[in-house]
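First to last, the protein sequences are chains E and G.
Numbers in this note's numbering are just positions in the first sequence, counted from 1, shifted up by 13.
Numbers in this note's numbering are just positions in the second sequence, counted from 1, shifted up by 1.
Source of the hints: derived by calculation from the structure; they are not laboratory data.
Note that the Cβ used here is the ideal one computed from N, Cα and C, for glycine as well.
Take the hints with a grain of salt, since some may be wrong.
[To be verified] Ranges between beta-carbon positions, derived for each pair: (1) G:Arg79 - E:Lys64: 24 to 30 angstroms; (2) E:Asp110 - G:Glu41: 48 to 54 angstroms; (3) G:Tyr65 - E:Arg108: 52 to 58 angstroms; (4) E:Arg214 - G:His21: 44 to 50 angstroms; (5) G:Gly43 - E:Ala92: 29 to 35 angstroms; (6) E:Arg108 - G:Glu29: 34 to 40 angstroms; (7) E:Lys64 - G:Tyr65: 24 to 30 angstroms; (8) E:Ala226 - G:Trp307: 26 to 32 angstroms; (9) G:Tyr65 - E:Glu474: 20 to 26 angstroms; (10) G:Asp421 - E:Pro439: 33 to 39 angstroms.
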Amino acid sequence: MNEPRFAVVGHPNKGKSSIVATLAADDAVRVAPEPGTTTRSREFPMSVDGKTLYTLIDTPGFQRARRALDWMTQRQTTADQHGAVVRDFVNEHERSDAYPDEVELLRPLIDDEQPTGILYVVDGSVPYGPEYEAEMEILRWTGRPSLALINPIGEADHVEAWRAALGQYFKIVRVFNAVTAEFDKRLELLRAFGQLKEEWRQPLDAAVQALDADRKRRRHESAQEIATLLADGLTLSVSKKVGPKDDPKKFQPDLLEDFKGKLRRREKRGRERVESIYDHHGLDRREADSGEDVESLVADLFSEDAWLLFGLRRKDLVLAGAGGGAAAGGALDVAAGGTSLFLGAAIGAVVGGTMGYLGAGRLAEFKLLSQPLGGKLLRCGPTRNPNFPFVLLGRARYHHALVAGRTHAQRGALEVDQAQAGAMNPLTDEQRAALSKTFKALGKAGQDIEAISAATAELVEIIEPILEP
Amino acid sequence: MPRLPSPQPGTLLDLATQLHRDEAEPLERLRTRDRGIGKELGFATSQEPLDTPTRAGRLTAWLYAIPEAPHRGGDGLRLVGLVAVAIGLLLGYVAAMGLFYYDGSTPVNVVRIIAVFVVLQAVTLVLFGVAALPGRVPGSAWLRDLSPAKLATLVTRWLPSETRDTVQQILGRGQAHQRVYHAVQKWQLLAWSQSMALAFNLAAVGGALQLIVFSDLGFGWSTTLDLDAEDAHRYTEAICLPWRDVFQGGRPDLALVELTQIYRAQDFEFSKEEASASAKWWPFLVMAMVIYGVLPRIVTLVLTQWRLRDAVVKAMVHTPGADRVLDRMTAAVVETRASEHEGASSNSHANGMDASPSSQAGCVIRWAEAAYDGEALDAGGGRTLDEDRQTIATAATQAHEQSVLIRVKAWEPPVLEFLDFLGDLRHELGDGRAIEVQPIGEGDLAVWKKKLASVGDPWLRMVVDESGQAEGGTP
Chain E
14 MNEPRFAVVG
24 HPNKGKSSIV
34 ATLAADDAVR
44 VAPEPGTTTR
54 SREFPMSVDG
64 KTLYTLIDTP
74 GFQRARRALD
84 WMTQRQTTAD
94 QHGAVVRDFV
104 NEHERSDAYP
114 DEVELLRPLI
124 DDEQPTGILY
134 VVDGSVPYGP
144 EYEAEMEILR
154 WTGRPSLALI
164 NPIGEADHVE
174 AWRAALGQYF
184 KIVRVFNAVT
194 AEFDKRLELL
204 RAFGQLKEEW
214 RQPLDAAVQA
224 LDADRKRRRH
234 ESAQEIATLL
244 ADGLTLSVSK
254 KVGPKDDPKK
264 FQPDLLEDFK
274 GKLRRREKRG
284 RERVESIYDH
294 HGLDRREADS
304 GEDVESLVAD
314 LFSEDAWLLF
324 GLRRKDLVLA
334 GAGGGAAAGG
344 ALDVAAGGTS
354 LFLGAAIGAV
364 VGGTMGYLGA
374 GRLAEFKLLS
384 QPLGGKLLRC
394 GPTRNPNFPF
404 VLLGRARYHH
414 ALVAGRTHAQ
424 RGALEVDQAQ
434 AGAMNPLTDE
444 QRAALSKTFK
454 ALGKAGQDIE
464 AISAATAELV
474 EIIEPILEP
Chain G
2 MPRLPSPQPG
12 TLLDLATQLH
22 RDEAEPLERL
32 RTRDRGIGKE
42 LGFATSQEPL
52 DTPTRAGRLT
62 AWLYAIPEAP
72 HRGGDGLRLV
82 GLVAVAIGLL
92 LGYVAAMGLF
102 YYDGSTPVNV
112 VRIIAVFVVL
122 QAVTLVLFGV
132 AALPGRVPGS
142 AWLRDLSPAK
152 LATLVTRWLP
162 SETRDTVQQI
172 LGRGQAHQRV
182 YHAVQKWQLL
192 AWSQSMALAF
202 NLAAVGGALQ
212 LIVFSDLGFG
222 WSTTLDLDAE
232 DAHRYTEAIC
242 LPWRDVFQGG
252 RPDLALVELT
262 QIYRAQDFEF
272 SKEEASASAK
282 WWPFLVMAMV
292 IYGVLPRIVT
302 LVLTQWRLRD
312 AVVKAMVHTP
322 GADRVLDRMT
332 AAVVETRASE
342 HEGASSNSHA
352 NGMDASPSSQ
362 AGCVIRWAEA
372 AYDGEALDAG
382 GGRTLDEDRQ
392 TIATAATQAH
402 EQSVLIRVKA
412 WEPPVLEFLD
422 FLGDLRHELG
432 DGRAIEVQPI
442 GEGDLAVWKK
452 KLASVGDPWL
462 RMVVDESGQA
472 EGGTP
């Protein structure tokens, strides 16, 4: 049996390519406001281990539908001949310039060896108009199983008018926003494709199952990436050799900047990997309110905003069991006699109410170590700040939510809504406690790669469920 | 399932190099490649948790299955190992030649030989034991710097850059995998040091046997310490404890010890009998060199190789990215993207025409039922082509010498059918008469401007309301 094929057809600029980009998870599909962006039909086979389960075909839009229908009606005999007339139309104009778009979009629909279903796409945010009727009539003439998709591109709502009009031509009418559709909605739509023909149901169900498993795998990979990011962030330290007569404090500001820079770069690399896992390539990340290109998402990793949004409150930290570590850190800070570094100026007063209990303002300690063959080594980190991993995780989680929820029809920068970031599902007490315990294990792991790996694996287990939308 | 290959230290370097290369590859390509390899190797269906050696074995098999994967990581390591052995052989042979040197004037001093081949060996074995302890022993960092294998690693300076980089990576000078390679570094250095030590002892035994066989040596013992023959005999008894019951020839008796003691003040000269008796020391000395030099080094070398292999297996599994490879080999590849690249868009890149306020039109046409309150002709939309032609004929008559205004929906794109209509209208009106297109409602005016400009009609223009915006209306 040939696998099901679906031609995505419609008026120009009504989101056909967006539908394809979203369903095929392909951000390389050209989506532009100009009509005629798609000039050739393009196939998007969905395959599992090389076995194709269905194929989507992106097609150009109708440009001369009335004229084409006029040509067909002049040759019409009876309804049973409609399909043949459409075939004649394509064959006759295959080599002429009169109807390049119509020929291109109708060609898959006249192929009897590879029966192709029709997905007719309209924009539900603009009013219904009679200019669509000619193209819907032509599609009806093909006699292929068909489904209409109302894709609301803009904000206005004309869905009901469209539903009423489309219902006269198509058995199934669905509303599907290609730009905002959640993953479950995409699967639901694929299941609807399976309703077009009995023999298509099984491959479409198999496709839905495979896509669902694939989605879970991507989430697992993302959890691995985020867990690795946290492990790296919690075990990172930077060091500098210090001469016997040098004052170590002189080097502390630069070393701290180096430490923070490495953490920022590591976070960025993690984000790129997560984007790559979801097949989003070369995404810009920017703040919604600033409109500027900035690499960091929700401000800088060490900014007040980031810590306010993603850091745990004092009470939550203590409940999560992170208070003990914080208290110990505070004691060390006293013992270090001020060699510890406080981010007081940057975060201090505002975050004070949000951050951990004792010594939580500290990001990283400095230590002066003796070298075996003489000389000293000034080391900054690893961080013992109990809130830092929660901030890092919160940002990673939010970034993941944006990336995983982003369809491949969306263009432009990855935009951040701070209110949305703040309204993310809070962690439960159990999750915080489990995370805190694992963060501590990572803090104690030192250079023991097996301990780090074990803690990272535990983190994956904890993080994976909280990445679910 | 075929037997999995065993990873070597060089495999670890190759793995790190390949994973580093993979970072620059698109994930889709890696998924397809690794899934293909997984299926080929029979790993594709495994869902059970795998133990560490199996995971390392799979990674090794995966690495061998990638045609372009590097397989040179072991070259540098082998070279350094060979240099360590060569240095050991040379030092051992030179030590034997020096310590067993006999020109007939002064007998070979047994104490020196014991000091170098028994006492020093015992001390270095203790140091080895400390260095081999799990974890970090406080204050033992200098041991690593004193490792004789450091001598061999000096050779890396003269290696080709690629090989040098890989060796230095495993020695911990590369920061990237420092944490992962920590145990491997430790055991690799210890393995090299034990190879060198074994070579040293073997060469020393060989050199000693060479002198014993091909020259006539005389042995004595001499020390400044307050040690009489009985004390010395107690020590020799202790030293030959491991073999004295099975090999009496290697056990010096008290008489031999007394006979061969040499004093600094004494004019030394062995009689023929004494010389013959003193030669009985050599079985004891060779046995001591073998039992305290060669055998422990064989044991430590086997131990270090075993621990090194174990460290390599763990490091492979913990190398960043390795778990992703294992996952990719077992996860089905789901592809949904286009099978071929999209061609270049055929859209013209002409700049759009200027839009200007509407002038007084002689005739108004509503295209596809675009909103208009006044009297107007209709075309497009649900009308037939014949009706369009009728509208064009009427418009040409009604407009006289004035312009024809066509109201269109700004939110609908200008399709070729509309451009055909404009062409037909121009044909009917003739050159010189203005045709104005007025998009109404919200829409992308830039698209309209660009499309109308592409028509190339000098008397065609787009008009907007006074504000420069399309007139209000739906949507």
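Checked hints:
1. G:Arg79 - E:Lys64: 24 to 30 angstroms: Taking Cβ atoms as reference, G:Arg79 and E:Lys64 lie about 45 angstroms apart, which means the hint is violated.
2. E:Asp110 - G:Glu41: 48 to 54 angstroms: holds (49 angstroms)
3. G:Tyr65 - E:Arg108: 52 to 58 angstroms: holds (53 angstroms)
4. E:Arg214 - G:His21: 44 to 50 angstroms: At 46 angstroms between Cβs, range holds.
5. G:Gly43 - E:Ala92: 29 to 35 angstroms: With Cβ atoms ~56 angstroms apart, the hint is violated.
6. E:Arg108 - G:Glu29: 34 to 40 angstroms: holds (37 angstroms)
7. E:Lys64 - G:Tyr65: 24 to 30 angstroms: holds (27 angstroms)
8. E:Ala226 - G:Trp307: 26 to 32 angstroms: Violated - the Cβ-Cβ distance for E:Ala226 and G:Trp307, about 41 angstroms, lies outside 26 to 32 angstroms.
9. G:Tyr65 - E:Glu474: 20 to 26 angstroms: violated (32 angstroms)
10. G:Asp421 - E:Pro439: 33 to 39 angstroms: Cβ of G:Asp421 to Cβ of E:Pro439: about 60 angstroms, so the range 33 to 39 angstroms is violated.
Hint compliance for this structure: hints 1, 5, 8, 9 and 10 are not met, and every other hint is.
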